[in-house]
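Trainee: Given the sequences, and given the hints that come with them, work out the whole structure.
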Amino acid sequence: MTDFFAAAATDDTPIEPSLPDGWELVVGLEVHVELDTATKLFCGCANQFGSEPNTNICPTCLGLPGSLPVMNESAVELAMRLGRALGCDVNRSVMARKNYFYPDMPKDFQTTQYDQPTNSDGRVVLGDGFVVGIERAHIEEDTGKSTHVGGGGRINDAEYSLVDYNRAGVPLVEIVSRPDVRTIDHAKAYVEELRGILLATGVSDARMEEGSMRVDANVSVRPHGSAELRTRCEIKNINSVRSLGRAIEYEARRHIDLWTNDGAPDQETRHWDEEGGRTTSGRSKEDADDYRYFQEPDLVPLEPSAETVAAIDAAMPPLPAARRAALLEASGADASAVGIVVERGQDGLAMAAIEAGAEPEKVVTRLVNDLAVDDWSKVEGEAFAELIRMESAGELSATQAKQILGDLVEQGGDPAEHAASRGFEAMDTGELESLVDQLIADHPEEWARFTGSDDGDRKKMQGFFTGQIMKATKGQADGKAVAQLLAQKSS
Amino acid sequence: MSARITRGDVEHVARLARLELTDEEIELFTGQLGDILEHAADIEALDVGDIAPTSHPLPIVNVFRTDEVVPSLDRDEVLGQAPVAESGQFRVPPVLGEEP
Numbered sequence: 001m002t003d004f005f006a007a008a009a010t011d012d013t014p015i016e017p018s019l020p021d022g023w024e025l026v027v028g029l030e031v032h033v034e035l036d037t038a039t040k041l042f043c044g045c046a047n048q049f050g051s052e053p054n055t056n057i058c059p060t061c062l063g064l065p066g067s068l069p070v071m072n073e074s075a076v077e078l079a080m081r082l083g084r085a086l087g088c089d090v091n092r093s094v095m096a097r098k099n100y101f102y103p104d105m106p107k108d109f110q111t112t113q114y115d116q117p118t119n120s121d122g123r124v125v126l127g128d129g130f131v132v133g134i135e136r137a138h139i140e141e142d143t144g145k146s147t148h149v150g151g152g153g154r155i156n157d158a159e160y161s162l163v164d165y166n167r168a169g170v171p172l173v174e175i176v177s178r179p180d181v182r183t184i185d186h187a188k189a190y191v192e193e194l195r196g197i198l199l200a201t202g203v204s205d206a207r208m209e210e211g212s213m214r215v216d217a218n219v220s221v222r223p224h225g226s227a228e229l230r231t232r233c234e235i236k237n238i239n240s241v242r243s244l245g246r247a248i249e250y251e252a253r254r255h256i257d258l259w260t261n262d263g264a265p266d267q268e269t270r271h272w273d274e275e276g277g278r279t280t281s282g283r284s285k286e287d288a289d290d291y292r293y294f295q296e297p298d299l300v301p302l303e304p305s306a307e308t309v310a311a312i313d314a315a316m317p318p319l320p321a322a323r324r325a326a327l328l329e330a331s332g333a334d335a336s337a338v339g340i341v342v343e344r345g346q347d348g349l350a351m352a353a354i355e356a357g358a359e360p361e362k363v364v365t366r367l368v369n370d371l372a373v374d375d376w377s378k379v380e381g382e383a384f385a386e387l388i389r390m391e392s393a394g395e396l397s398a399t400q401a402k403q404i405l406g407d408l409v410e411q412g413g414d415p416a417e418h419a420a421s422r423g424f425e426a427m428d429t430g431e432l433e434s435l436v437d438q439l440i441a442d443h444p445e446e447w448a449r450f451t452g453s454d455d456g457d458r459k460k461m462q463g464f465f466t467g468q469i470m471k472a473t474k475g476q477a478d479g480k481a482v483a484q485l486l487a488q489k490s491s
Numbered sequence: 001m002s003a004r005i006t007r008g009d010v011e012h013v014a015r016l017a018r019l020e021l022t023d024e025e026i027e028l029f030t031g032q033l034g035d036i037l038e039h040a041a042d043i044e045a046l047d048v049g050d051i052a053p054t055s056h057p058l059p060i061v062n063v064f065r066t067d068e069v070v071p072s073l074d075r076d077e078v079l080g081q082a083p084v085a086e087s088g089q090f091r092v093p094p095v096l097g098e099e100p
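From first to last, the protein sequence lines are chains U and X. Going by the working numbering, the first residue of the first sequence is number 1, and it counts up by one from there. Going by the working numbering, the first residue of the second sequence is number 1, and it counts up by one from there.
Bear in mind the hints are in silico, worked out from the structure with no lab data behind them. The beta carbon of each residue, even a glycine, is placed where N, CA and C say it ideally should be. Some hints here could point you the wrong way.
Here are some chain U residues pointing at chain X (derived, C-beta under 10 Å) [to be verified]:
| id | residue |
| --- | --- |
| 1 | Q48 |
| 2 | T147 |
| 3 | R253 |
| 4 | E303 |
| 5 | H443 |
Mentor: Following this line, the structure appears as C-alpha cells:
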C-alpha cells in the first residue's frame, strides 16, 4: 500500500479550498466536445486537428453564396449516443442560426440548436454518488480559429488577426449542466467523469489540451442555506481540470469580496488568465448578447424514431460508473485505486487478469503503481496474472518483475519466456543461504550490530546486508527470502 | 411611425449588424420595417390553434449525408480571393467585440 500512496501523492490530488464561512458556491458547467467524425457537420471537409491552416475548407464551411449545408449522419448518431449515455431524452430537434459578427464564422452566424435541442434532462452520477443534472446536450458547429497578432497577442490591442477556418463547421455537442455543483472537487470530478463517458462511448477523444473538450464555468455564490441564485459570471478560456479549480476559486472569492463590500458582480463573460491566476472582464455591456436566433431554413428537423434510439441504447458500451462497480466487486480493492484503473481504461486488463486467477487486489495495486503508461495494449490478462503469480511465489524479485512488465508493455508475450531470456532464473534457496553466510563471515562487525539490541542499528544493517546481496545477485534475489534468512540466522 | 417598431429598435439592430445608417435611412427603415411587421401581423386574425409551428416549408425530416471525406478547395486559390492573406491564413482587421 505504501507504493500506492506515493503514486497518489503525485497525482495532483485536489484539496478542497475552503471559502469564507457562511458562503456557498453555485456552479453550472458548459462543456463543448468535438465529435469524433471523419468530416465536418455540414460538409465533407476533413474533421482533423493539426492540419495546415485553411486546407480543410470548402464553399459550405466558408459560407460562400449558393452553398448549402447537409447534415452529417454520424455526428447526429454520436450526439444521440452521448445524450443517452447522459441519461437524456432524445427529442425531435431543429437547427437554428445564432447571428453575430466576428470573423471566426464567415457566414456571420453559427448553426446551433436553440429551443429544440436533441438531448435534454439527463444526469451524471459522480464516483461518490453526487448527482449533477444535465439540462441539455445540443448539436452545433465549431467556429474558426483566430490568432491575434501584435500588441502582445491580446484580443483588445491586437494590430490584426489571422483566421484559420479548418475548425469552422467541426461538429460539437455542448453539454449544459444544471447549477447543481457546490464544491470545486465536484466540478473537477464532473469534468473527469464526462471525459470518461466521452472516451467510453467513442464520442470524442476529449483532449482539453487540443481543445476537443472545452469547459466554461458559470460561477456564483450565495449565503449558506439560501435557495436564491445570485448574479453569475461565465468563465472561459479554462484549459485544464486544474485550471478549472483555480478559476472557480478565484471567481467565487471575487464575488464574496464584492457582496461583503456593498457591491455586486456584473453578469458578464470573463476570461481565465492562467499566468496571472485571475479572471478578467471579457466584453463590455454595450456588446451584450443579442444573437437574434431563428430556425435554420436550409436544414430540416431531426426526428429519430423510437427504434433508432432503442438501437443506440442496445449498442451502448459499459460506462465508467458501471465499470467501476464491476471492478470494485471483482477486486475488493480501494475505491480510489479502482477509479484510477477505470479512468485509464485498464479495467478490461484487470478483469482479464483476475479471471486468469491473479490475486485481485494485487492486480489493481500493480496496475496503479507500475502501469502508468500510454500504451499497454500488448499486455495480455493471462500474462499479467502470471507475472503477479511469479512475483508472489518468489520466482521473481520486485525489481525483476518490473523489468518483465516493461518487456510485456513493449513486446507482449509470456513473462516466463522474458524471464528466461533475461537470465532471471529463480534463485535456489541453498545458493542464497551460502551467499548470506559468506557475507556474515566477511562483515562480522556489521553482523554484530544487526544481532544487537539497538533497533535503529538493526534496521540499518538489514538495509546493508540486503543491499550487498542484491548487488552480488544483480537484483535477482527475492527481498522477502533475504529478510527471512537474515532473521533465521540471527535468532 | 409604426407602434411595432421604434427608431431605437432600428438603431439597435443596425449596430448589431454593424451597419452605419444616416438619420434619413433610420427614418425610412423604421417605416418600412413597421409595414412589413404590420403585414405579417395579418396572421393574427386567423385561428392557428390546431396548426403546429412550421420548422421547414417541406414536410421532410432526417436528411443526411454519409460521413465521408471529399476533397477540399485549393488553399492558394481561396486565399487569392481574400483582400489580405498571410501565413496561409486570412488576415482581418483587429477584432472588435467578442466571439460568442
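Trainee: Which numbered hints turn out to be false for this structure?
Mentor: 3, 5
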